[in-house]
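Start from the sequences, fold in the hints, and give me the full structure.
Residue numbers (numbering that gives the first Met the number 0), protein chains in the order written: chain C, 0 to 305; chain H, 0 to 519.
Keep in mind that the hints are not guaranteed to be accurate.
[Claimed, not checked] Some chain H residues close to chain C (C-beta under 8 angstroms, calculated; not the full set):
1. 118
2. 119
3. 122
4. 124
5. 185
6. 199
7. 228
8. 238
9. 239
10. 345
11. 393
12. 394
13. 404
14. 433
15. 437
16. 439
By construction, these hints were calculated from the structure, which means they are not laboratory data. Where a beta carbon is used, it is the ideal one built from N, C-alpha and C, also for glycine.
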Amino acid sequence: MWAYIAKRLLLAIPVVLGVAFVVFAMVRVIPGDPAQIMAGEAATEEFVEAIRKDMGLDRPLLTQFASFVGNALRGDFGRSVRSKAPVTIELRARIPNTISLTIAGLVVAVAVGVSAGVISAIRPYSLIDAAVMLVALAGLSMPVFWSGLMLILVFAVWLGWLPAVGTDTPVHLILPAVTLGMATAAIIARMTRSSMLEVLRSDYIRTARAKGLAEQSVINRHAFRNALIPVITVVGLQMGTLLSGAVLTESVFAWPGIGRLLVEGILTRDYPLVQASVLVVALAFVLVNLFVDLLYAVVDPRIHYE
Amino acid sequence: MRRLLALVASLVLLGGVGFTASAGPAAPAPTRGGVMIIGHGTDAVILDSATATDAPTFTILEHLAETLFELTAEGKVRPRLALSQTVSPDGKTWTFRLRTGVRFHDGTPFDAEAAKFNLERVLDPATRSPWRFLISRIQSVSVVDASTIRLVTDAPFAPLLAHLTHGGMGMQSPTAIRRLGADYARQPVGTGVFKFKEWVRGDRVSVTRNDDYWGDKAFLDEVQFRVIPDDGARLAALEAGSIHVAVRVPPREIERLKNASGLGVEVSTSLRTIFVAFNVTRPPFTDRRLRQALNYAVNKRAIVASALAGTARVSDAPIAPNVEGYSPVPGYDWDLERAAALLREAGYSRERPLRAVFHHPSGRYIRDAEIAASIQGLARRVGIELELRTLEFGAYIALTNRPQAQNDIQMYMLGWGTVTGDADYGLYALFHSSQWPPVGFNRGFYKNDRVDALLDRGRVTIDQGERDKIYAQAMKIITDDAAWIFLHSESQVTGVRSAAQGVIIHPAERVMFTRAWLRR
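Right, dumping it as structure tokens:
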């Protein structure tokens with residue numbers, strides 16, 4: 000098991016390096032001169048040139064990439080071109096917010112999605128089943144920036160139960176987490192439902208029932224765990240959606256996370272910031288994927304890693 | 000419907016003016032204490048006066064750092080950290096007497112040395128201050144005594160005092176700057192009414208009352224500048240009471256907010272003019288008749304009434320009215336027949352329509368994309384076919400900023416905020432032929448020798464009355480030449496809760512809390 004983990008972590012290195020190179024190249028290909036944007040609307044040419052030199056953009060591309068990687072390995076991601084603050088400071092302020100939002104979104108998605116899916120599966124083709132799937136479809140179809148605003152309108156403005164924007168207290172996390180988790184909850188619900196239905200049809204379930212086990216026990220101990228495996232896959236895949244959906248949720252709820260930082264960085268061509276943020280996200284993906292794979296081994300005793 | 004809109008618009012404007020101009024006869028006395036919260040659309044970028052560029056950052060900085068002279072909300076230049084100024088007969092030597100007994104928030108005394116340090120810092124190319132060009136005519140700054148400094152310019156420079164009111168010239172503590180270096184920009188130290196408390200990146204900047212302030216102390220204990228990028232969420236936060244002030248309220252929400260209890264909307268002028276500039280060096284707009292035809296074809300009043308819900312002022316000059324040097328210039332009323340006549344004269348008709356590509360930004364200025372679409376529709380009525388093209392703003396600036404040989408833009412929309420409150424900044428940078436990109440911002444490549452001469456004279460003439468006349472002449476020529484489609488000057492639409500009193504909305508797009516207080 001440990002050898003497997005070590006191997007996966009080693010494999011992560013070329014992946015992250017590849018991502019670093021791709022984002023490095025892409026951000027320089029986008030039209031728009033970062034020095035010009037940094038210098039502002041009201042800047043003379045010599046000023047723009049000076050800024051370009053500061054950013055190191057006058058050096059050959061490979062030199063820029065080499066120095067980027069070299070510095071990154073030492074933990075130095077440079078300074079944000081726009082704010083002049085070290086990129087690590089910008090990231091450090093934002094990463095915890097994105098982590099808390101993504102985890103909260105995931106918790107909402109899994110709790111709501113799995114419960115909904117199981118309820119649907121237990122009473123397939125009934126009114127409850129149809130209702131749950133309809134709500135799931137609605138949650139999936141609603142764009143985040145709309146559903147978020149609707150939730151703010153209802154719960155913050157009209158009812159006054161929850162705060163509208165900000166990060167001050169744990170309560171502030173509720174609306175953004177629900178907004179973010181809704182679409183993923185819908186997908187998890189459908190996946191859980193179909194997976195459960197399939198498992199409930201299998202032979203060993205028939206055997207368990209034939210043995211006289213209570214239905215509750217059949218579902219909890221036998222069906223559920225087996226149904227979980229495809230669901231875990233979906234959850235792992237949805238991490239991408241959650242992380243990127245976080246960008247829109249962060250904008251609507253004024254949640255200061257990496258998503259918004261990344262978008263603003265792209266709009267201002269803040270190369271160091273964009274490169275570092277994408278690297279962080281890529282690393283997060285790699286680690287989440289590893290974690291999901293390990294989770295299989297925990298849930299399914301048939302799975303072994305060498 | 001249009002009349003109703005016009006009536007509502009005038010009521011709103013009157014109400015806004017009344018609100019900002021006077022406290023009213025039965026105004027309650029200000030109470031001390033409390034935390035006021037304002038929602039901005041973007042976070043502060045860099046908290047250093049010399050290198051900041053955007054309005055939200057400057058709004059925060061101007062609570063913390065003060066300039067030698069201030070631009071009042073009425074557009075007048077008044078001494079602030081300076082007490083008085085004299086200028087030599089040849090117009091090249093300025094002597095400023097400075098206020099005494101003033102200290103920075105870290106205890107460093109504000110004196111002539113500190114003033115010299117700050118001005119030289121902006122002038123130093125190594126600082127990379129984007130505002131260096133505002134005071135680049137200064138050749139030397141010298142200390143006469145502890146409270147007197149002397150500036151020498153290479154030629155008489157009339158806009159100097161106005162330029163010294165710009166936020167980029169904020170006086171900051173030399174001790175803090177020397178000690179912190181590049182990290183100063185995260186914890187600014189000035190002489191202002193408020194002191195810096197904290198900056199939670201992406202979330203808010205908090206400032207607290209400076210109890211050692213040299214003038215009238217603030218009423219509020221603390222002001223928080225929060226970041227709420229989404230317009231809808233910002234409004235919702237205002238309505239829910241999480242914030243007291245929300246900037247950039249979409250014009251269509253004004254009616255609804257005014258009717259909501261506990262809320263009010265202030266519509267105030269800004270110094271920002273919105274226009275469409277023509278590239279006058281490339282066909283078809285080398286022909287003045289076509290430029291004039293478009294000016295006659297565009298119904299600016301209708302655009303303001305519909306797209307902006309009446310919250311803007313149709314331009315009657317290339318600069319906004321509260322800019323020093325402004326005077327109304329006879330312009331182009333909506334006149335479809337004259338537009339059609341000019342087109343025919345130039346050889347165009349419905350069978351052979353004038354075609355052009357119209358570049359515009361999206362989301363940069365209030366309802367910019369809608370305004371561009373309105374112009375397209377209005378132009379079509381006289382048979383002008385405009386193709387709209389938009390870009391994300393970073394790319395847009397890069398595209399419009401190319402030198403003349405590579406710049407194939409035909410017409411483009413832009414806004415210009417004359418933040419010094421002085422006509423030189425609003426005219427010289429945009430119309431003088433020495434300011435063609437990449438050197439300056441005359442991206443329409445306008446060139447008129449008489450205008451050049453007038454603008455040059457306006458810079459070196461110290462007497463304001465004389466300057467007003469010079470600029471009036473220059474603006475008349477620019478308008479006759481139809482260098483732009485002169486659209487409107489934007490209004491700032493700000494949502495304010497009734498508990499928030501004494502909030503000042505400055506035309507330079509700064510919401511100031513120096514005299515604000517919370518009504519319980």
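Checked hints:
{"no.": "1", "hint": "118", "result": "violated (18 angstroms)"}
{"no.": "2", "hint": "119", "result": "violated (17 angstroms)"}
{"no.": "3", "hint": "122", "result": "violated (13 angstroms)"}
{"no.": "4", "hint": "124", "result": "holds (7 angstroms)"}
{"no.": "5", "hint": "185", "result": "holds (6 angstroms)"}
{"no.": "6", "hint": "199", "result": "holds (7 angstroms)"}
{"no.": "7", "hint": "228", "result": "holds (5 angstroms)"}
{"no.": "8", "hint": "238", "result": "holds (5 angstroms)"}
{"no.": "9", "hint": "239", "result": "holds (4 angstroms)"}
{"no.": "10", "hint": "345", "result": "violated (32 angstroms)"}
{"no.": "11", "hint": "393", "result": "holds (4 angstroms)"}
{"no.": "12", "hint": "394", "result": "holds (4 angstroms)"}
{"no.": "13", "hint": "404", "result": "violated (14 angstroms)"}
{"no.": "14", "hint": "433", "result": "violated (11 angstroms)"}
{"no.": "15", "hint": "437", "result": "holds (4 angstroms)"}
{"no.": "16", "hint": "439", "result": "holds (7 angstroms)"}
Hints 1, 2, 3, 10, 13 and 14 from the earlier list are contradicted by this structure; the remaining hints agree with it.
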